[in-house]
Amino acid sequence: MWGLSELFLFLIVGFTINICLVTSSESYFCGNDRCLNLENLTCTNYLLWTLTETRKSQCFLKCVHENEICQSVFYNDITRKCQGHSSVLNSQDNCLVEEGSNYYHKCTVRRPANCHDIFCSGQATTGIYTIYPDEHSNGVSVRCDMDTDGGGWTVFQRRVDGSVDFFRKWADYKSGFGNANTEYWLGLDNIHTLTAQGNVTLRVDLITPGPPQRSAYASYSSFTVGDENSKYILRVAGYSGDAGDSMTEHSNMLFSTQDKDNDKLSINCAVTFVGAWWYKSCHAVNLNGVYGSKLSGQGINWKLLSGPTVSMTFAEMKLK
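Under mature numbering (1 follows the signal peptide of the UniProt record, and there is no 0), residues -27 to -1, 1 to 293 are what the sequence shown spells out, in order.
Hints were generated in silico from the structure; no laboratory data involved.
Any given hint could be a false lead.
[As the list claims (entries may be wrong)] Quick list of in silico lysine-lysine cross-link-like pairs, DSSO-like style, CA-CA up to 27 Å:
#, residue 1, residue 2
1, K142, K276
2, K29, K142
3, K79, K54
4, K253, K276
5, K35, K147
6, K54, K147
7, K276, K233
8, K204, K233
9, K276, K237
10, K79, K142
11, K253, K267
12, K54, K35
13, K233, K267
14, K142, K54
15, K79, K147
[Claimed, not checked] Label pairs and their in silico Cβ distance ranges:
#, residue 1, residue 2, range
16, L24, N111, 27 to 35 Å
17, K267, G123, 57 to 65 Å
18, V61, S114, 19 to 27 Å
19, G123, S239, 42 to 50 Å
20, G171, Y19, 48 to 56 Å
21, V61, S194, 46 to 54 Å
22, G183, D107, 15 to 23 Å
23, R84, D134, 24 to 32 Å
24, C8, D215, 23 to 31 Å
25, D134, V61, 17 to 25 Å
Yeah, the Cβ is synthetic: ideal placement off N, Cα and C, and Gly gets one too.
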(Lines of atoms letter the chains of each structure in order from A and count residues from 1; the text may use other names and numbers.)
(Lines give C-alpha, C1' and ligand atoms only; values in the text may rest on other atoms or scores of the structure.)
Protein backbone atom coordinates (compact mmCIF):
# COMPACT_ATOMS: atom_id res chain seq x y z
CA MET A 1 0.00 0.00 0.00
CA TRP A 2 1.49 3.36 -1.00
CA GLY A 3 1.63 6.12 1.63
CA LEU A 4 -0.36 9.30 1.17
CA SER A 5 2.85 11.22 0.47
CA GLU A 6 3.66 9.03 -2.55
CA LEU A 7 2.29 9.41 -6.06
CA PHE A 8 2.62 7.40 -9.27
CA LEU A 9 3.45 9.20 -12.50
CA PHE A 10 3.24 7.58 -15.90
CA LEU A 11 5.64 9.09 -18.42
CA ILE A 12 4.64 8.08 -21.95
CA VAL A 13 7.50 8.27 -24.45
CA GLY A 14 6.50 7.08 -27.90
CA PHE A 15 5.05 3.66 -27.15
CA THR A 16 7.10 3.24 -23.95
CA ILE A 17 5.52 3.84 -20.57
CA ASN A 18 7.90 4.80 -17.77
CA ILE A 19 6.50 4.31 -14.27
CA CYS A 20 7.77 6.90 -11.81
CA LEU A 21 7.31 7.10 -8.08
CA VAL A 22 7.38 10.58 -6.58
CA THR A 23 7.96 10.78 -2.84
CA SER A 24 7.44 13.55 -0.33
CA SER A 25 11.14 14.44 -0.66
CA GLU A 26 10.58 15.20 -4.36
CA SER A 27 12.82 12.39 -5.56
CA TYR A 28 11.37 9.94 -8.00
CA PHE A 29 12.27 6.78 -9.85
CA CYS A 30 11.79 5.75 -13.47
CA GLY A 31 12.18 2.49 -15.31
CA ASN A 32 12.24 1.27 -18.93
CA ASP A 33 15.04 3.47 -20.29
CA ARG A 34 14.70 3.37 -24.09
CA CYS A 35 18.46 2.86 -24.43
CA LEU A 36 19.02 0.16 -21.82
CA ASN A 37 16.76 -2.81 -21.03
CA LEU A 38 17.42 -4.31 -17.59
CA GLU A 39 14.07 -6.09 -17.23
CA ASN A 40 14.35 -9.51 -15.55
CA LEU A 41 18.00 -8.86 -14.71
CA THR A 42 19.91 -8.07 -11.56
CA CYS A 43 23.37 -6.49 -11.53
CA THR A 44 26.22 -6.13 -9.06
CA ASN A 45 27.81 -2.90 -10.35
CA TYR A 46 27.90 -0.19 -7.64
CA LEU A 47 25.94 -2.43 -5.23
CA LEU A 48 25.39 -0.80 -1.83
CA TRP A 49 23.04 -3.11 0.01
CA THR A 50 20.39 -5.83 -0.35
CA LEU A 51 17.07 -6.08 1.49
CA THR A 52 14.79 -9.11 1.54
CA GLU A 53 11.05 -9.44 2.09
CA THR A 54 10.45 -5.71 1.67
CA ARG A 55 7.74 -3.69 -0.02
CA LYS A 56 8.55 -1.67 -3.13
CA SER A 57 7.68 1.57 -1.35
CA GLN A 58 10.14 0.74 1.43
CA CYS A 59 12.78 -0.11 -1.16
CA PHE A 60 12.41 3.25 -2.89
CA LEU A 61 12.23 5.23 0.33
CA LYS A 62 15.43 3.69 1.70
CA CYS A 63 17.20 4.88 -1.44
CA VAL A 64 15.61 8.33 -1.13
CA HIS A 65 16.75 8.66 2.48
CA GLU A 66 20.32 7.95 1.32
CA ASN A 67 19.98 10.82 -1.13
CA GLU A 68 23.69 11.51 -1.69
CA ILE A 69 24.66 7.83 -1.95
CA CYS A 70 21.88 5.72 -3.46
CA GLN A 71 21.00 6.50 -7.09
CA SER A 72 19.11 3.43 -8.31
CA VAL A 73 17.49 0.17 -7.23
CA PHE A 74 16.51 -3.26 -8.49
CA TYR A 75 13.23 -4.55 -7.07
CA ASN A 76 11.93 -8.08 -7.59
CA ASP A 77 8.13 -8.23 -7.53
CA ILE A 78 8.21 -12.01 -6.99
CA THR A 79 10.80 -12.41 -4.23
CA ARG A 80 10.41 -8.85 -2.84
CA LYS A 81 14.17 -8.40 -2.89
CA CYS A 82 15.56 -4.87 -3.09
CA GLN A 83 19.08 -3.83 -4.15
CA GLY A 84 20.44 -0.31 -3.78
CA HIS A 85 23.16 1.01 -6.12
CA SER A 86 25.40 4.07 -5.86
CA SER A 87 25.18 4.98 -9.56
CA VAL A 88 22.78 4.91 -12.49
CA LEU A 89 23.72 1.87 -14.57
CA ASN A 90 24.47 2.29 -18.27
CA SER A 91 25.22 -1.26 -19.38
CA GLN A 92 24.35 -4.92 -18.78
CA ASP A 93 27.85 -5.69 -17.50
CA ASN A 94 27.93 -7.94 -14.42
CA CYS A 95 24.22 -8.71 -14.76
CA LEU A 96 22.43 -12.04 -14.35
CA VAL A 97 18.94 -13.17 -15.34
CA GLU A 98 16.46 -12.92 -12.47
CA GLU A 99 12.77 -13.31 -13.25
CA GLY A 100 10.58 -10.61 -11.77
CA SER A 101 13.38 -8.10 -11.27
CA ASN A 102 13.05 -4.54 -12.59
CA TYR A 103 15.41 -1.59 -12.50
CA TYR A 104 14.56 1.96 -11.40
CA HIS A 105 16.78 5.02 -11.22
CA LYS A 106 16.31 8.48 -9.83
CA CYS A 107 14.90 10.73 -12.52
CA THR A 108 15.61 14.08 -10.95
CA VAL A 109 16.15 16.54 -13.78
CA ARG A 110 19.65 16.12 -15.20
CA ARG A 111 21.02 18.35 -17.90
CA PRO A 112 21.93 16.33 -21.01
CA ALA A 113 25.66 16.14 -21.73
CA ASN A 114 25.13 15.08 -25.34
CA CYS A 115 22.50 14.11 -27.90
CA HIS A 116 22.54 10.48 -26.78
CA ASP A 117 21.27 11.60 -23.37
CA ILE A 118 18.48 13.50 -25.11
CA PHE A 119 17.63 10.50 -27.29
CA CYS A 120 17.51 8.20 -24.27
CA SER A 121 15.12 10.58 -22.53
CA GLY A 122 12.59 9.94 -25.29
CA GLN A 123 13.13 12.85 -27.69
CA ALA A 124 13.61 11.21 -31.07
CA THR A 125 13.21 14.08 -33.55
CA THR A 126 16.28 15.35 -35.40
CA GLY A 127 16.77 19.04 -34.66
CA ILE A 128 18.45 21.68 -32.53
CA TYR A 129 18.84 21.03 -28.80
CA THR A 130 20.86 22.43 -25.91
CA ILE A 131 23.50 20.19 -24.37
CA TYR A 132 25.89 20.68 -21.45
CA PRO A 133 29.22 18.93 -22.21
CA ASP A 134 30.64 20.60 -19.11
CA GLU A 135 28.08 20.28 -16.31
CA HIS A 136 29.02 23.74 -15.06
CA SER A 137 28.54 25.44 -18.43
CA ASN A 138 25.57 27.46 -19.64
CA GLY A 139 24.92 25.00 -22.45
CA VAL A 140 25.51 25.05 -26.19
CA SER A 141 23.14 24.62 -29.14
CA VAL A 142 23.82 21.60 -31.34
CA ARG A 143 22.12 19.61 -34.03
CA CYS A 144 21.12 16.15 -32.84
CA ASP A 145 20.80 13.47 -35.51
CA MET A 146 18.10 11.14 -34.18
CA ASP A 147 17.64 9.22 -37.45
CA THR A 148 21.02 7.91 -38.63
CA ASP A 149 22.29 4.52 -37.45
CA GLY A 150 20.26 4.26 -34.26
CA GLY A 151 20.04 7.99 -33.49
CA GLY A 152 21.52 9.96 -30.62
CA TRP A 153 24.39 11.54 -32.60
CA THR A 154 25.90 14.86 -31.48
CA VAL A 155 26.83 16.82 -34.61
CA PHE A 156 29.99 18.84 -33.95
CA GLN A 157 30.82 20.00 -37.49
CA ARG A 158 28.46 20.75 -40.39
CA ARG A 159 28.93 22.13 -43.91
CA VAL A 160 25.89 22.56 -46.14
CA ASP A 161 25.88 25.87 -48.04
CA GLY A 162 29.03 27.93 -47.51
CA SER A 163 27.23 30.49 -45.33
CA VAL A 164 29.89 30.39 -42.59
CA ASP A 165 33.58 31.25 -43.01
CA PHE A 166 35.69 28.36 -41.66
CA PHE A 167 39.09 30.00 -42.29
CA ARG A 168 39.46 31.14 -38.69
CA LYS A 169 42.02 31.44 -35.94
CA TRP A 170 42.78 29.19 -32.98
CA ALA A 171 40.51 31.03 -30.53
CA ASP A 172 37.45 30.46 -32.73
CA TYR A 173 38.20 26.78 -33.21
CA LYS A 174 38.76 26.43 -29.48
CA SER A 175 35.40 27.92 -28.48
CA GLY A 176 33.26 27.19 -31.56
CA PHE A 177 31.41 29.29 -34.12
CA GLY A 178 28.58 29.28 -36.65
CA ASN A 179 24.88 28.46 -36.52
CA ALA A 180 23.55 25.03 -35.54
CA ASN A 181 20.70 25.49 -38.05
CA THR A 182 23.13 25.72 -40.97
CA GLU A 183 26.91 25.47 -40.61
CA TYR A 184 28.98 25.36 -37.44
CA TRP A 185 31.94 24.03 -35.47
CA LEU A 186 31.12 23.05 -31.89
CA GLY A 187 34.51 23.97 -30.44
CA LEU A 188 37.59 21.90 -29.63
CA ASP A 189 37.09 22.27 -25.88
CA ASN A 190 33.58 20.84 -26.19
CA ILE A 191 34.73 18.06 -28.51
CA HIS A 192 37.48 17.15 -26.05
CA THR A 193 34.98 17.00 -23.18
CA LEU A 194 32.53 14.90 -25.19
CA THR A 195 35.22 12.35 -26.08
CA ALA A 196 37.22 12.34 -22.83
CA GLN A 197 35.26 9.48 -21.25
CA GLY A 198 36.24 7.11 -24.05
CA ASN A 199 34.08 4.57 -25.89
CA VAL A 200 33.05 7.22 -28.43
CA THR A 201 32.27 6.55 -32.10
CA LEU A 202 32.89 9.09 -34.86
CA ARG A 203 30.71 9.14 -37.96
CA VAL A 204 31.28 11.37 -41.00
CA ASP A 205 28.50 11.73 -43.59
CA LEU A 206 29.40 13.14 -47.00
CA ILE A 207 27.71 14.04 -50.29
CA THR A 208 29.69 14.68 -53.48
CA PRO A 209 28.51 17.35 -55.96
CA GLY A 210 28.03 15.01 -58.92
CA PRO A 211 26.49 14.52 -61.31
CA PRO A 212 25.52 12.07 -60.10
CA GLN A 213 25.65 12.97 -56.44
CA ARG A 214 26.96 10.26 -54.18
CA SER A 215 26.30 9.82 -50.47
CA ALA A 216 28.93 8.04 -48.42
CA TYR A 217 30.01 7.68 -44.81
CA ALA A 218 32.99 6.77 -42.70
CA SER A 219 32.70 5.45 -39.15
CA TYR A 220 35.43 5.04 -36.54
CA SER A 221 34.74 2.95 -33.45
CA SER A 222 37.36 4.80 -31.40
CA PHE A 223 37.58 8.60 -31.36
CA THR A 224 39.14 11.06 -28.94
CA VAL A 225 40.40 14.64 -29.06
CA GLY A 226 42.88 15.76 -26.40
CA ASP A 227 42.79 18.98 -24.41
CA GLU A 228 44.40 22.28 -25.35
CA ASN A 229 47.67 21.37 -23.60
CA SER A 230 47.99 18.46 -26.05
CA LYS A 231 47.13 20.83 -28.91
CA TYR A 232 43.89 18.86 -29.29
CA ILE A 233 45.64 15.72 -30.51
CA LEU A 234 43.38 13.48 -32.60
CA ARG A 235 43.12 9.72 -32.18
CA VAL A 236 40.89 7.65 -34.45
CA ALA A 237 40.76 3.92 -35.21
CA GLY A 238 38.37 1.17 -36.24
CA TYR A 239 37.21 2.29 -39.68
CA SER A 240 34.10 1.01 -41.43
CA GLY A 241 31.94 2.52 -44.18
CA ASP A 242 32.01 3.23 -47.92
CA ALA A 243 33.79 6.61 -48.12
CA GLY A 244 37.26 5.12 -47.73
CA ASP A 245 39.54 5.35 -44.72
CA SER A 246 41.06 8.80 -45.19
CA MET A 247 40.88 9.89 -41.55
CA THR A 248 43.34 7.38 -40.06
CA GLU A 249 46.17 9.25 -41.80
CA HIS A 250 45.45 12.16 -39.44
CA SER A 251 45.44 10.09 -36.24
CA ASN A 252 47.99 11.30 -33.65
CA MET A 253 48.21 14.69 -35.38
CA LEU A 254 47.86 18.05 -33.62
CA PHE A 255 45.31 20.67 -34.61
CA SER A 256 46.53 23.57 -36.77
CA THR A 257 45.02 26.92 -37.69
CA GLN A 258 46.25 29.90 -39.67
CA ASP A 259 47.83 31.36 -36.51
CA LYS A 260 49.07 28.11 -34.89
CA ASP A 261 51.13 25.82 -37.14
CA ASN A 262 51.38 22.33 -35.61
CA ASP A 263 51.77 20.21 -38.76
CA LYS A 264 54.89 18.33 -39.85
CA LEU A 265 55.94 20.63 -42.70
CA SER A 266 57.87 23.89 -42.69
CA ILE A 267 54.91 25.55 -44.41
CA ASN A 268 51.63 26.14 -42.59
CA CYS A 269 49.17 23.65 -44.08
CA ALA A 270 46.21 25.60 -42.67
CA VAL A 271 47.24 28.68 -44.66
CA THR A 272 48.15 26.76 -47.81
CA PHE A 273 44.87 24.85 -47.88
CA VAL A 274 42.69 27.61 -46.36
CA GLY A 275 41.30 25.62 -43.47
CA ALA A 276 42.00 24.28 -40.00
CA TRP A 277 42.58 20.62 -39.25
CA TRP A 278 44.75 17.89 -37.81
CA TYR A 279 47.15 18.36 -40.69
CA LYS A 280 50.07 16.06 -41.23
CA SER A 281 52.01 16.70 -44.46
CA CYS A 282 49.41 18.06 -45.38
CA HIS A 283 46.06 16.22 -45.66
CA ALA A 284 43.84 13.41 -46.85
CA VAL A 285 40.83 15.11 -45.26
CA ASN A 286 40.06 18.85 -45.20
CA LEU A 287 36.47 19.18 -44.02
CA ASN A 288 37.04 22.72 -42.76
CA GLY A 289 38.27 23.92 -46.15
CA VAL A 290 36.61 26.39 -48.52
CA TYR A 291 33.05 25.43 -49.47
CA GLY A 292 32.77 24.78 -53.22
CA SER A 293 36.46 25.37 -53.99
CA LYS A 294 37.82 23.59 -57.06
CA LEU A 295 41.43 24.43 -56.24
CA SER A 296 43.42 21.32 -55.41
CA GLY A 297 43.28 20.54 -51.70
CA GLN A 298 41.48 23.73 -50.67
CA GLY A 299 37.90 22.45 -50.73
CA ILE A 300 35.96 20.18 -48.40
CA ASN A 301 37.96 17.15 -49.42
CA TRP A 302 37.92 13.45 -48.57
CA LYS A 303 40.78 11.93 -50.55
CA LEU A 304 39.58 8.35 -51.01
CA LEU A 305 36.06 9.39 -51.96
CA SER A 306 36.64 12.04 -54.59
CA GLY A 307 40.26 13.17 -54.61
CA PRO A 308 41.72 16.64 -53.89
CA THR A 309 39.82 18.71 -56.46
CA VAL A 310 36.21 17.77 -55.65
CA SER A 311 34.66 19.64 -52.73
CA MET A 312 31.79 18.01 -50.84
CA THR A 313 28.42 19.76 -51.00
CA PHE A 314 27.57 18.26 -47.60
CA ALA A 315 29.77 17.18 -44.71
CA GLU A 316 28.67 16.35 -41.19
CA MET A 317 30.86 15.06 -38.37
CA LYS A 318 29.06 13.54 -35.41
CA LEU A 319 29.85 11.48 -32.33
CA LYS A 320 28.10 9.07 -30.00
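Pairwise hint evaluation, K233 against K204, where the allowed Cα distance is 27 Å at most: holds (10 Å)
Pairwise beta carbon distance, R84 to D134, judged against the given window 24 to 32 Å: About 31 Å separates the Cβ atoms of R84 and D134, which means 24 to 32 Å holds.
Proposed proximity, K267 with K253 (alpha carbon, max 27 Å): holds (21 Å)
Supplied distance hint 19 to 27 Å, evaluated on CB atoms of V61 and S114: holds (26 Å)
Given pair status - K54, K79, alpha carbons within 27 Å: holds (18 Å)
Hint consistency between K79 and K142 [alpha-carbon to alpha-carbon, up to 27 Å]: violated (43 Å)
27 Å limit on alpha-carbon distance, applied to hinted pair K35 and K147: violated (45 Å)
Proposed proximity, K276 with K142 (alpha carbon, max 27 Å): Distance ~24 Å between K142 and K276 Cα, so the pair holds.
C-beta pair D134, V61: status relative to the range 17 to 25 Å that was hinted: violated (40 Å)
Given hint K233 paired with K276 - CA-CA distance at most 27 Å: holds (24 Å)
Pair hint K79 and K147, alpha-carbon separation not exceeding 27 Å: violated (35 Å)
Pair hint K54 and K147, alpha-carbon separation not exceeding 27 Å: At roughly 50 Å apart (the allowed maximum being 27 Å), K147 and K54 break the hint.
The structure shown violates the earlier hints numbered 2, 5, 6, 10, 14, 15, 16, 17, 20, 21, 22 and 25.
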